[in-house]
Amino acid sequence: MKKVFSVLILCISILSLAQTKAPFTGKRDFNIEQGASGSGTPAYYLDVKKNGDVHFGFVQINQADGTETKEEINAGQYNPTVMKVHFKTYNETFYVKFDKEKIYLTDEKGKIQKSDDCCPVSEMAELNCNCEGTLYQ
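With my numbering applied, the sequence shown corresponds to residues 41 to 177, in that order.
A hint or two may mislead.
What the hints assert, rightly or not - Result set (EDC-like, lysine to aspartate or glutamate): computed pairs, CA atoms no more than 20 Å apart in a straight line:
1. Lys154 x Glu73
2. Lys128 x Asp87
3. Lys140 x Asp69
4. Lys154 x Glu141
5. Lys124 x Glu111
6. Lys61 x Asp93
7. Lys140 x Asp105
8. Lys110 x Asp139
9. Lys89 x Glu148
10. Lys137 x Glu73
11. Lys67 x Glu111
12. Lys67 x Glu141
13. Lys140 x Asp93
14. Lys128 x Glu141
15. Lys124 x Asp139
16. Lys142 x Asp105
17. Lys128 x Glu112
18. Lys124 x Glu148
19. Lys137 x Asp93
20. Lys128 x Glu111
21. Lys137 x Asp87
22. Lys110 x Glu141
23. Lys142 x Asp69
What the hints assert, rightly or not - Pairwise CB distance ranges, derived in the manner of DEER restraints:
24. Ala104 x Lys61: 35 to 45 Å
25. Ala104 x Glu132: 16 to 26 Å
26. Lys124 x Lys67: 14 to 24 Å
27. Asp139 x Ala104: 34 to 44 Å
28. Asn91 x Asn168: 29 to 39 Å
29. Gln177 x Lys124: 36 to 46 Å
30. Asn102 x Lys61: 32 to 42 Å
31. Asp156 x Asn91: 32 to 42 Å
32. Gln117 x Ile152: 33 to 43 Å
33. Lys89 x His126: 30 to 40 Å
The set of hints was computed from the structure by calculation and includes no laboratory data.
On a predicted model such as this, the values are computed, not experimentally measured, just so you know.
A virtual CB, placed ideally from N, CA and C, is assigned to each residue, including glycine.
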């Protein structure tokens with residue numbers, strides 16, 4: 041019985057060490073594609089829960105009639121390599137990774153994407169900027 045208990049404690053310790061801690065808890069707003077912002081553009085956010093679950097969401101207000109569209113999904117436990125986000129409302133899927141201050145648009149393997157759409161307006165002469173955004177509290 042003592043051996044079983046020792047093995048159980050060892051397994052729990054290994055599992056707790058294997059989990060990666062999220063860089064923060066709470067809600068942060070973000071915008072990755074700088075050139076795509078404007079009236080009617082979805083406002084994206086992520087919300088890291090105390091248990092490590094990461095929720096992504098958006099709110100969009102139609103400028104013509106004032107209707108609001110919103111959705112929030114649970115993308116699972118925080119993963120520093122890559123997280124898949126799928127919004128059913130617009131059948132939109134993208135991959136991201138984030139740290140304490142920034143969020144990055146990635147491919148399925150976690151490689152940061154580059155695009156002209158990700159260049160800041162102040163740097164429109166640049167091409168293929170990293171697709172990253174600041175996380176705002």
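Comparing the hints with the structure gives:
A threshold of 20 Å between alpha carbons decides the hint, and for Lys154 with Glu73 the separation of about 10 Å falls inside it, so the pair holds. With a C-alpha separation of about 18 Å, the suggested pairing of Lys128 with Asp87 holds against the 20 Å cut-off. Distance restraint check for Lys140 and Asp69: the Cα-Cα separation of roughly 12 Å lies within the 20 Å cut-off, and the hinted pair is therefore satisfied. A threshold of 20 Å between alpha carbons decides the hint, and for Lys154 with Glu141 the separation of about 19 Å falls inside it, so the pair holds.
For the suggested pair Lys124 and Glu111, the alpha carbons sit about 15 Å apart, so the restraint of at most 20 Å is met. A hinted pair counts as satisfied when its Cα atoms are at most 20 Å apart, and Lys61 with Asp93 qualifies at roughly 10 Å. Using a Cα cut-off of 20 Å, the hinted pair Lys140 and Asp105 is violated, with the two alpha carbons roughly 37 Å apart. Proposed proximity of Lys110 and Asp139 is contradicted: the alpha carbons are some 24 Å apart, above 20 Å.
With a CA separation close to 23 Å, the supplied pair Lys89 and Glu148 exceeds the 20 Å bound. In summary, the hint linking Lys137 to Glu73 is supported, as the alpha carbons are separated by about 15 Å, within the 20 Å threshold. The hinted pair formed by Lys67 and Glu111 meets the criterion: a straight-line CA distance of about 15 Å does not exceed 20 Å. Between the alpha carbons of Lys67 and Glu141 the distance comes to roughly 12 Å, so the proposed pair stays at or under 20 Å and holds.
Our distance criterion of 20 Å between C-alpha atoms is met by Lys140 and Asp93, whose separation comes to about 15 Å. Of the pairs offered as hints, the one joining Lys128 and Glu141 is violated, with about 27 Å between alpha carbons and a cut-off of 20 Å exceeded. In summary, the hint linking Lys124 to Asp139 is supported, as the alpha carbons are separated by about 15 Å, within the 20 Å threshold. Only pairs whose Cα atoms come within 20 Å are accepted, and Lys142 paired with Asp105 is rejected, the gap being roughly 33 Å.
Proposed proximity of Lys128 and Glu112 is supported: the alpha carbons are some 10 Å apart, at most 20 Å. For the proposed pair Lys124 and Glu148, the alpha carbon gap of about 8 Å is at most 20 Å, so the pair holds. Distance hint between Lys137 and Asp93 is fulfilled; the C-alpha atoms sit about 14 Å from each other, no more than 20 Å. For the hint linking Lys128 to Glu111, the alpha-carbon distance of about 8 Å falls within 20 Å, and the restraint holds.
At most 20 Å may separate the alpha-carbon atoms for a hinted pair to count; Lys137 and Asp87 meet this at roughly 13 Å. In summary, the hint linking Lys110 to Glu141 is not supported, as the alpha carbons are separated by about 24 Å, beyond the 20 Å threshold. Our distance criterion of 20 Å between C-alpha atoms is met by Lys142 and Asp69, whose separation comes to about 10 Å. Distance hint check for Ala104 and Lys61: the Cβ-Cβ separation is about 44 Å, which falls inside the suggested range of 35 to 45 Å.
About 21 Å separates the C-beta atoms of Ala104 and Glu132, a value consistent with the hinted range of 16 to 26 Å. A C-beta distance of roughly 20 Å is found between Lys124 and Lys67, which places it inside the suggested range of 14 to 24 Å. About 37 Å separates the C-beta atoms of Asp139 and Ala104, a value consistent with the hinted range of 34 to 44 Å. About 38 Å separates the C-beta atoms of Asn91 and Asn168, a value consistent with the hinted range of 29 to 39 Å.
Taken as a hint, the range 36 to 46 Å is violated for the pair Gln177 and Lys124, whose Cβ atoms sit roughly 24 Å apart. Between Asn102 and Lys61 the beta carbons are some 39 Å apart, a value that agrees with the proposed interval 32 to 42 Å. Against the hinted window of 32 to 42 Å, the Cβ-Cβ separation of Asp156 and Asn91 comes to about 38 Å, which satisfies the hint. Taking the beta carbon of each, Gln117 and Ile152 are about 21 Å apart, not inside 33 to 43 Å as hinted.
For Lys89 and His126, the Cβ-Cβ distance of about 18 Å falls outside the hinted range of 30 to 40 Å, so the restraint is violated.
In the structure shown, a violation is registered for the earlier hints numbered 7, 8, 9, 14, 16, 22, 29, 32, 33, in ascending order.
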